[in-house]
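**Student:** Fit chain B to the given chain A structure using the hints.
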Amino acid sequence: MTDFPWLTLAIALPAVGAAAVASLPRERIETAKRVTLGATVATLLVVAVMAAQFTPAGAERLQFTEVYPWIPRFGVNYAVGVDGIALVLILMSAVLVPLVVLAAWRENDDTPDGGKGYFALILLLEAMMIGVFAAADVFLFYVFFEAMLIPVYFMIGRYGRGDQRRAAAVKFLLFSLLGGLLMLVSVIGVYVYGGTFLWSELVGSESALAGIDPMTARWLFLGFFVAFAIKAPMWPVHSWLPAAAGSSRPGTAVLLVGVLDKVGTYGMLRYCLEMFPGAATWFIWPVVVLSLVSIVYGAILAIAQSDMMRLIAYTSVSHFGFITLGVFVMTSQGQSGAALYMVNHGFATGALFLVVGFLVARQGSTAIADYRGVQSRAPVLAGVFLVSGLAGLALPGLSPFVSEFLVFIGTYAFHPVPAIIASIGVVLAALYILWMYQRTMTGPLPEGLSRLRDLSPRETLAVAPLIALLVVFGVYPQPLLDVVNPAVEATMQSVGATDPEPAIGEAETTAEGDHE
Amino acid sequence: MMSSAQLMAAPAITQNPPEIDYWLLSPMLVVFGAAVIGVLIEAFVPTARRRAVQLGLALAAVGAAFVLTILITGSLPEGEAGVGVAFGSVAVDPVSVFLQGTVLVLGFISLLLIAENRSGESAFAAQAAAVPGSEEEREHVMAGSQHTEVYPLVLFALLGMQLFPAAGDFLTMFVALEVMSLPLYLLCGLARRRRLFSQEAAVKYFLLGSFSSAFFLFGIAMIYGYAGSVSFAEVAAAVDEGGGPLFPDGGGRPLLLLGIGMVAVGLLFKVGAVPFHNWKPDVYQGAPTPITALMASCTLVAAFGALLRVFYVPFGPSAADWAPMLWVVAVLTMVVAAVIAVTQRDIKRLLAYSSVVHAGFVLTAVVAASPEGLAGAMFYLAAYGFTTIGAFAVVTLVRTHENGPEANELSQWAGLGRTSPLLAGSLALFLLAFAGIPLTSGFIGKFAVFEAAMAAGATPLVVVGVLSSAVTAFFYVRIIVLMFFTEPAEGGPIVVRAGAFTGSAIAIGVAATFLLGVFPSPVLDNLVPQPGQQQSESLLSAVEGER
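These protein sequence lines map, in sequence, to chains A and B. Residues 1 to 516, numbered by the working numbering, are exactly what the first sequence covers, in order. Residues 1 to 547, numbered by the working numbering, are exactly what the second sequence covers, in order.
One should not assume that every hint holds.
[What the hints assert, rightly or not] Per the computed footprint, the stretches of chain A lying under chain B, defined by three or more beta-carbons under 8 Å from a beta-carbon of chain B, are:
no., segment
1, 65-75
2, 160-173
3, 177-183
4, 186-193
5, 383-391
To be clear, the hints were calculated from the coordinates, so they are not data collected in a lab. Small disclaimer: the values here were computed from a predicted structure and weren't measured. Ideal placement from N, C-alpha and C gives every residue a C-beta, glycine not left out.
This is chain A alone, in the form it adopts within the complex:
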């Protein structure tokens, strides 16, 4: 059964769905919505069935591999395959997309085509998101990495909110293209120096890139890293994200921040580290410093925001700082934490954006000042908001806590100072989340909000799975860790990094062991 092309099916299904939705006439928008939902749910099922067959440990690193020559002239293959990290990210994407479709069911009724184009773009984007995580060929990865900008660009520019959406869409595209083009230089460099694009031949001790000059490797690393840092986004190349998220429909923002930005951190882990281990080691400290700046800077700016969408976007800048920190401290706890963080952040931020989206659907505003005392009128909505917010600040019992804690352990083992600085981010997180909650949800209900409805069944259905996942993986993260850890160990091995021996006593060691 492993010969079955699961990944190709998971990529093709939404792509075909996108074509079907796009070809439906404008009047049949309700059919279009059902087709979209059907295609995304079918994709989720395919991915779930595939995941059930995944062998976490003791098997080949990349599973469900398919390799077909595509452009032999440039050594390009259509090669896909997943390890544990890619698998959980694909799962996360496949879970988020149907929920976004549900949440966006009525969001676009006022656009000229009733949102038909929007749903087609979501499907197209899903195909590319799965493709980018599944790619096992650097060229193929690049193709998906760049091509997925186009649907998002249209989703923001054409279906976004507010007057700034055009500028935001252009800013998003230009930032991403600039990074992507710099990465293109490195992609070409990989081929020129390595002679192949197959990821499996470019990593490990037998890597085709093993013999290259360290200086060249550093430049190639930088090309990839800058693209991923822009995507992630990392300070100082983060400024497109608040603009883009602030002008997006909340559904777009979920996919943008929840999934697309993960491609950046995933790329660092999978491509930067493993293809250029020497260069990655050389760049540890600069990246750690940038991560710390992102953590603190993102958090401070989040506090200062008056718009909820922008606020969540800045919290993500802070959270992505934790992820890159975890990736680059080169300890297994750090990287496991980072991989887990990517998934958990997708669920937590996704839920937050969706709740803000429900508010927008009711009042048409994302400004914090426009809301007050929502709790008393819409307790379920407020409750969901609180839970997802608490997940965002990594409250124990909710899944982001596990990942953040692992990142801290990993960082501390690497060096105590960064861990201490990063902890500022945790304190500030409590401030921005709780203050936003306090300003919007508590207090007396103003006159203008007295007709506010609570969550409808459709909306509840869209957000409940996320809350459930946050709680389940918060209490019992082991299944995720079991899938992720072998991949992290393999990564550590190809980077040639080993966990530092714990410096203090026996007790510390067992404490760490518990979390593995």
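**Tutor:** Using the frame of chain A, we list chain B on its own:
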């Protein structure tokens, strides 16, 4: 191998006339014959039926020439670079055949655009000789006069473009240059609307073009002085040995360098590289849009074909001399044109500057001086040709009002994506291909040229290239913003219904842009030189195997 003395010995040729392999020349002969017949048609066929006859003849000739081009690939000898026909003055090798085929296909599509005749109104002036705005002009317009001379002129231009990249010596190349350019000068001045603009463009193009031709010719004289021959093979041999028969001690180097420089000026003018690019925006803007499409696609292919041949064959051995010059030109071209393009407000001018930037990208592959560079440039040119014709075809359809002139002001294009999604979608695809987004032909082309440049050690050029790509993306994206994200303005442009001709030109452009982007392998594996092949195996440099 013939010595220059033999070549110069005229009596030997007159006494033993060379056997010419007419079969290998048949694609050019067909086009030439049709062009001559076209002139006769002007004289003998009644006015009312001229257009149909001319158009039928032109399309048939270009189509037949393309079929012949495919057929003669079977006649090329195995394992050799190619054949030098007519004393080596025409090189028939895989590269020239590919470029000729490309020129013919693109020429065919351009002819479709040229032929578009909407309610008796073509893109060309009713009577070019009439003073713009005069009573005489009005009479001709009312009478529905047409310039059917356009078709033979285009055929002559295409003949020049076929010969230009296939020339085997400098003189043939010069003749081809003139055969290609003279009809184009004329065609530029034939626009139906804004005729003064058009005439200005024609004069400008003519003056600057003649100027550059003079440079080219002067360069040839220098090279002849250095090598004692104009044949590419013998110049290459002389350059390789460090001096021709006149300068056995190597003292002719200044002549060679001057010659390379001046020939380069002539060729770089034709491809429109900075600092020889100034004609492009004016000419592209003023010329009738179908002619602009012809120039932007076919002329660029032919000119780059000639450039590649000159720098790879006769000047190949002295790559170290010309590579620094081309580095500078390539960087200037990519940077200057991209920056200027940002400020453009007219779609045709913008596409002109974009064409200059793309010339810069192709130059990075020329600098590589390798089979990969050759292949990359060839693929890029073919891919770019289809896309750019499609883009100009879209331009011809967007008018200020029904039966009005083209709406070339970008600001007039607001909201086009709302009113004509299919047309705007096609243009968006072309623009994304120009920007080099994956899954379009533009990306594969860019990858091919940059890969060749980087493999040849020109990494800084590639970095400049991608940065310039990022700048160009800005203005391509801006057009998409205008079309899709902006509300249609009051009194916005009218999109006239695409006729069968224009419609098929756009459809071919879309199909080629997409197919070459997703399945480029048939072209990359079969039609362009393969890596590891020696340069001499793909580009004919020796006169051996002469027929």
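**Student:** Determine for every hint whether it applies to the structure shown.
**Tutor:** We went through each hint and held it up to the structure:
By the rule of at least three residues with a Cβ nearer than 8 Å to a Cβ of chain B, the coverage given for the segment 65-75 of chain A holds, with 5 such residues. Coverage of the segment 160-173 of chain A by chain B holds. Counting CB-CB distances below 8 Å, 5 residues qualify, and the rule asks for three or more. With 4 residues bearing a CB less than 8 Å from a CB of chain B, the segment 177-183 of chain A meets the requirement of three and the coverage assertion stands. For the segment 186-193 of chain A, the stated coverage by chain B is satisfied: 4 residues place a CB nearer than 8 Å to a CB of that chain, which reaches the threshold of 3.
Against chain B, the segment 383-391 of chain A contributes 0 residues with a C-beta closer than 8 Å to a partner C-beta. That does not satisfy the three-residue criterion, and the hint is violated.
Hint compliance for this structure: hint 5 is the single one not met.
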